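*Asks:* Chains as they are written, first to last, in my numbering: chain A, 1 to 339; chain B, 1001 to 1339.
You may find that some hints are simply not true.
For each label pair, taking beta carbons as the anchor points, the in silico distance ranges come out as [stated by the list, open to error]:
(1) A/Pro-292 to B/Lys-1027: 39 to 45 Å
(2) A/Glu-186 to B/Ala-1299: 28 to 34 Å
(3) A/Gly-188 to B/Thr-1026: 44 to 50 Å
(4) B/Gly-1216 to A/Pro-271: 44 to 50 Å
A few chain A residues that don't get close to chain B, going by computed Cβ distances all over 10 Å [to be verified]:
(5) Leu-2
(6) Arg-80
(7) Thr-87
(8) Ile-118
(9) Glu-151
(10) Asn-157
(11) Asp-196
(12) Val-309
Hint data in this document are derived by calculation from the structure and do not stem from the laboratory. Note that this is a predicted model, so its numbers are computed, not measured. No residue lacks a Cβ here, since even glycine has one placed at the ideal position from N, Cα and C.
Number of protein chains: 2
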Amino acid sequence: MLETVRWKRMNGTDLLPGKLRIIDQTKLPKELVFLELDEIGEIVAAIKRLSVRGAPAIGCAAALGLAATAQHIETDSAERFIAEVETLAEKLAASRPTAVNLFWALNRSLSHLIRCDISDVSELKRELLREALAILEEDIGMCRAIGEHGENLIAENAGILTHCNAGALATGDFGTALSPMYAAHEQGRVFTVYSDETRPLLQGSRLTAWELNRAGIDVVTICDNMAAQVMKEGKIDLVMVGSDRIAANGDAANKIGTYGLAVLAKHHGIPFYVAAPTSTIDASLAHGGLIPIEIRDPAEVGAAEGVRVYNPAFDVTPNGLISGIITENGLHRPPYHFH
Amino acid sequence: MLETVRWKRMNGTDLLPGKLRIIDQTKLPKELVFLELDEIGEIVAAIKRLSVRGAPAIGCAAALGLAATAQHIETDSAERFIAEVETLAEKLAASRPTAVNLFWALNRSLSHLIRCDISDVSELKRELLREALAILEEDIGMCRAIGEHGENLIAENAGILTHCNAGALATGDFGTALSPMYAAHEQGRVFTVYSDETRPLLQGSRLTAWELNRAGIDVVTICDNMAAQVMKEGKIDLVMVGSDRIAANGDAANKIGTYGLAVLAKHHGIPFYVAAPTSTIDASLAHGGLIPIEIRDPAEVGAAEGVRVYNPAFDVTPNGLISGIITENGLHRPPYHFH
């Protein structure tokens, strides 16, 4: 398994000193390069330039990154230490202002520090790291649980269409949408994954196809506009995608192009599944129309000189097009009522 | 207007000697470069690498290319000349398997050669060129007629989605799918064209957006996977695309991604129009399932090392998803019965 986000011990068995170790995803698929980081500026920069991406992976990296930078704080005062950790957390939080898991993981680490009520600073440093490792461990458990709940949807010789990257490179372990595929593969099942290249940033062809192929899973890269034809040819038995935010009624936001795939799947009578941790569910939103759609830089798309570009990064798939939502708690069928 | 395919006289007023002159579309939108060709290998290569593309433009280029290469045949025997022209035509015909206009234009030139019953070879060379120029002239007339029959579908402030390039760069003149837009623009109507970038070769962002913007028409480039979202946002009033081959029942082959757009248009209640010359209609095919789909080089898509690629260049939109087919003869409504 790819170790997208991990803690690297620098002195054998002891947890500290250590560094945040991440795969530099900007180098994929050409090179598998690991970065070992313990300086706040370089960690913020790595998140900003998408060396680590995918909501769960960003959360894990932020928590481990906070522990890695906090170990160097020189003070004997617990109060002073916590204040400095808060400053570091603010810097990390500013790296991706829209990533909910980032704030969630940082807040959880800070709350733990305050709650554990320890005056010894070196022990506080350890507590910060233990909480980060717990976040990573829970993420790994979440991935495995989604895999177990979803793997039986994949029959022998199935064709699966996926979009963007909700895989090992987006999480601490097996991924979300890709986790049922890894689980089915571990059981020796044979199937083929069609991976949309996912314009404009090509996470499908650069990341999903690369990680599945590396794991020995049969994968075929297609352009986004080939999905309908591949469905029409009978190559696809199910669609499985991740999600960035799910409303209380099951409407699910995900990478641009997902909604179109759901319409195409319905037209071809193909089941359409969303796989995501429960932390992705935002029950404060009654429906998907309340999920803001981020419009990104036109330069990502690339256009002829003087031509306008429209570059929405996400779309929302209405619950009526979703056959099932797989979380770490199980496979949810419609109608969806999350709270 | 862009002169995508023309005959270039080499000696002032006389038609011969001359060359096929085409815009090298592989260089767009960065540079507007013209190629002048009269050698069979370079013309076949230019068609194969898509320096000239778009079914009507390929037909014109093949006919003019046949005349350009045939002028160099050294023989006094009409029989021998025609046999050698047939050999050249076979080489040209093998350059692209799906575009019926290619075969149509070559057959028409050959039939004309045989039918005109001339024994003087230099006169035969002229006849071959005259027929090619007639094909080009008719293509220009065809484009204008499609524009006239289609422009009233475009209301003031309409949003139009198009895919690939069925414009001036795909024909001898105004294009097919884009011709109604040029015609409406000439009448001072204001509207916005959403141009799919059209992976893998980006004819939409490189060619369609470039040529519409150059003509002063408001155009927005989107990634192919954004079409569903743009429709959902209410930005699209109609879809207008070209076609490479139309079966007797109206099933229409066009650039990969077209079929998916037709499904999305139906889901959103948006009319979906195909614009193409009658030369695109292949009444020998009862339905679209008989249209061969060209599978192109995986390298066009680009994938991680070791990952398979599926790269169908076309798909077939069933007649039931097509609101109307615009030819030079008028707007045809379903049910379609071409012969």
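*Asks:* If a hint holds in the structure, say so; if it does not, say that too.
*Replies:* Quick rundown of the hints versus the structure:
1. A/Pro-292 to B/Lys-1027: 39 to 45 Å: holds, 40 Å
2. A/Glu-186 to B/Ala-1299: 28 to 34 Å: holds, 33 Å
3. A/Gly-188 to B/Thr-1026: 44 to 50 Å: holds, 46 Å
4. B/Gly-1216 to A/Pro-271: 44 to 50 Å: With a Cβ separation near 47 Å, B/Gly-1216 and A/Pro-271 satisfy 44 to 50 Å, so the hint holds.
5. Leu-2: holds, 13 Å
6. Arg-80: For A/Arg-80, whose nearest Cβ neighbour in chain B is about 48 Å away, the distance exceeds 10 Å, so it holds.
7. Thr-87: The claim stands: A/Thr-87 keeps its Cβ more than 10 Å from every Cβ of chain B (closest is about 39 Å).
8. Ile-118: Nearest chain B Cβ is 47 Å from A/Ile-118, so the label holds.
9. Glu-151: The claim stands: A/Glu-151 keeps its Cβ more than 10 Å from every Cβ of chain B (closest is about 22 Å).
10. Asn-157: The claim holds: A/Asn-157 sits with its nearest Cβ about 16 Å from chain B, beyond 10 Å.
11. Asp-196: Non-interface label on A/Asp-196 violated, nearest chain B Cβ at 7 Å vs cutoff 10 Å.
12. Val-309: violated, 5 Å
The structure shown violates the earlier hints numbered 11, 12.
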